[in-house]
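Sequences are here, hints too, so could you generate the full structure?
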Amino acid sequence: MTVKRIKRSNNLPKGGKPMHNALLNRILNPVYVPPKHAIILARVSSAEQREGKSLAAQEASAREYCKRKQMIVEETFSLTESSTRGDRTEFHKMMEYVKNSPHPLAIVADTLDRFQRSFKESLEFEPLLQSGKFELHFISNSLIINQYSRSSERMMYDFGVMGAKSYVDQLRENTLRGFSQKVKDKEYPFRAPVGYRNVKINGKKTIEVDPKTSPLIKKLFVQYASGNYSMHAAAVDFHNSGVLSCHKTPFTVGSVCRILSNPFYYGQMRICGQLFPHSYPPIITPELFKQCERVRKRLNKDHFEYSAKPLVFRGIVRCKHCGAILSGYDKKRTIKGTGETHVYHYMRCSGKANQRGCKTDQVNQNVIEKQMIAALKQLAVEPKLLDEVLGQLNGASVDEQAALEATRQNLQRQLGKLNKKRSVLIAREADGDLTSEYVSAELAKIKQEELDLNGQLATLQSDTTQANWTVERLLKLAAKVDKLFVSSHAAQKNALLNCICANCVWDGKNLDIIMKNPFRLMLEGFKDIKKRPVRDSNS
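To convert, count from 1 in the sequence shown and add 20; that's my numbering.
Derived by calculation from the structure, the hints in this document are not laboratory data.
There's no promise every hint is true.
Stated by the list, open to error - In silico BS3-like cross-links for lysine-lysine, where the CA-CA straight-line distance does not exceed 25 Å:
1) Lys467 with Lys204
2) Lys206 with Lys224
3) Lys185 with Lys206
4) Lys536 with Lys496
5) Lys379 with Lys390
6) Lys87 with Lys310
7) Lys220 with Lys202
8) Lys340 with Lys529
9) Lys467 with Lys202
10) Lys397 with Lys437
11) Lys310 with Lys238
12) Lys390 with Lys529
13) Lys206 with Lys351
14) Lys340 with Lys536
15) Lys238 with Lys467
16) Lys340 with Lys397
17) Lys56 with Lys113
18) Lys56 with Lys153
19) Lys397 with Lys239
20) Lys225 with Lys206
21) Lys225 with Lys202
22) Lys503 with Lys397
23) Lys310 with Lys351
24) Lys185 with Lys204
25) Lys87 with Lys153
26) Lys224 with Lys239
27) Lys397 with Lys496
28) Lys220 with Lys390
29) Lys467 with Lys232
30) Lys467 with Lys224
31) Lys397 with Lys206
32) Lys390 with Lys496
33) Lys340 with Lys356
34) Lys232 with Lys268
35) Lys153 with Lys89
36) Lys351 with Lys529
37) Lys225 with Lys185
38) Lys239 with Lys268
Dropping the structure here:
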């Protein structure tokens, strides 16, 4: 038997296997050469902190440290950015400088939290640290982290990052708790919108109506509600008046749109998508705001009328392959012998006529129409189930109306008590029992409470009856929408489909229909009811 002799490589340890693990190589061959070059990191979190002397103090301390360690300072990075928000653009520029350096560098920072306050950066620079591209020097922490750092040093480093992260989490929690308390106290925790201004009264920050800009805001809502005043014209008027937006920039159409959609002006502040009442005087009424909403969403604008002949699927069906709209056209054919002329309606992808070069074949309109009718039939609901749903809806409406009426009466009683309290205060002031200062302060509180109660009364307008009427109409429409579609002419069919269909896609054989939200929810509900097992009379 022949035994093959394996030639030992120079990289193999005696009697062992190749050391592929870089950590094992560093343990067995500890060759540490301190870096001769360094960069200084000085960071503050905000522009307000930059105005102080923190950056200069950090840089001076780092330069003195580099001098003691006999390291040449190549570059100084003075950053003004948060370590927890945003993409840390300047920080990544510094790390790119380290990555492109021809020799190892030492990043010198005053404290660990100046470099990072979370573990997400560790995942990014850990490969560079382990390859010896750079090492970290934290002066106040008396800590150096490099590829040769022991486990105890790494543990101290991880504990430092954890402590910095815990500090940030605590600050965030305290900030959110303060915001929550402000909302509960009906105070707005952010910068006041145009028409209001942030002021400080008796050392307390609050918001009041701006006498300069509030008339312009009210004029905007009044004129826009008429339907004869555009957002562009409003932006021009604001510019001519010298009024700037909240960001101190000239008004644009987008800025005007944000004002018209902001409920703050009638007494509600929108925070995280929810509405909360505030304690500041409103500029407009809720009714005026709703009217502007109707105008802004173009709910009272007539539909565009095409000059050409009406088509059933005009602007509704798209091609799945190229995304272009399917357009309709007619073909006339004369039957030989009888001389009769028949008109056939076809749909074809408009991508064939442009640069898309779609290869979807034309299709007879009747094929798409049959699939559309089959989809509309799914919205039909049995009369028995319809009566049951409407009965439950009307019962819930009666209960809600009773609860709203009780709440309204309670608010009216509170207003009556405030009026009595005002009368008593004025009478006791006239008799000399109370001082004018005390009475003035109490009357101001009563006035503020009355504003709050009147605001609640104004917003306590139930749309339940209107909503129930709308739901009832929708259910009855859905029950016979397929018959309405068949019996209507082309223009009516197109208008009906525009109300029901959100997206229709044709793949050459099948029509994929996505309905708009009310009808889609109804369809899902009907399908869920049909899936339920049928109970017999004994169950």
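Q. Holds or violated: are the alpha carbons of Lys239 and Lys268 at most 25 Å from each other?
A. OK: Lys239 and Lys268 at ~21 Å, within 25 Å.
Q: Starting from Lys390, check that the Cα of Lys496 is at most 25 Å away, please.
A: holds, 22 Å
**Q.** Agreement of Lys340 and Lys397 with the hint, judged by alpha carbon distance not exceeding 25 Å
**A.** holds, 24 Å
Q. Given the proposed pairing of Lys390 with Lys529, does the C-alpha separation stay at or below 25 Å?
A. Distance of about 12 Å is within 25 Å: holds.
Q) Between Lys56 and Lys153, is the straight-line Cα distance small enough, at 25 Å or below? A) holds, 12 Å
Q) Is the Cα-Cα distance between Lys340 and Lys356 25 Å or less? A) violated, 38 Å
**Q.** Lys153 paired with Lys89 [C-alpha distance capped at 25 Å]
**A.** holds, 18 Å
Q: Decide if the proposed pair is consistent with the structure: Lys206 and Lys351, CA atoms, cutoff 25 Å inclusive.
A: violated, 67 Å
(Q) Can you confirm whether the C-alpha distance between Lys206 and Lys224 stays at or below 25 Å? (A) holds, 15 Å
Q.
Would the hint linking Lys224 and Lys239 be met if the CA-CA limit is 25 Å?
A. Answer violated: Lys224 to Lys239 is near 31 Å, above 25 Å.
Q. Does Lys390 lie within 25 Å of Lys379 when you go C-alpha to C-alpha?
A. Measuring from Cα to Cα gives roughly 23 Å; hence the hint holds.
Q: Would you mind confirming whether the straight-line C-alpha gap from Lys310 to Lys351 stays at or under 25 Å?
A: Violated, at about 49 Å.
Checked against the numbered hints above, the structure violates hints 3, 6, 10, 13, 19, 23, 24, 26, 28, 31, 33, 37; every other hint is satisfied.
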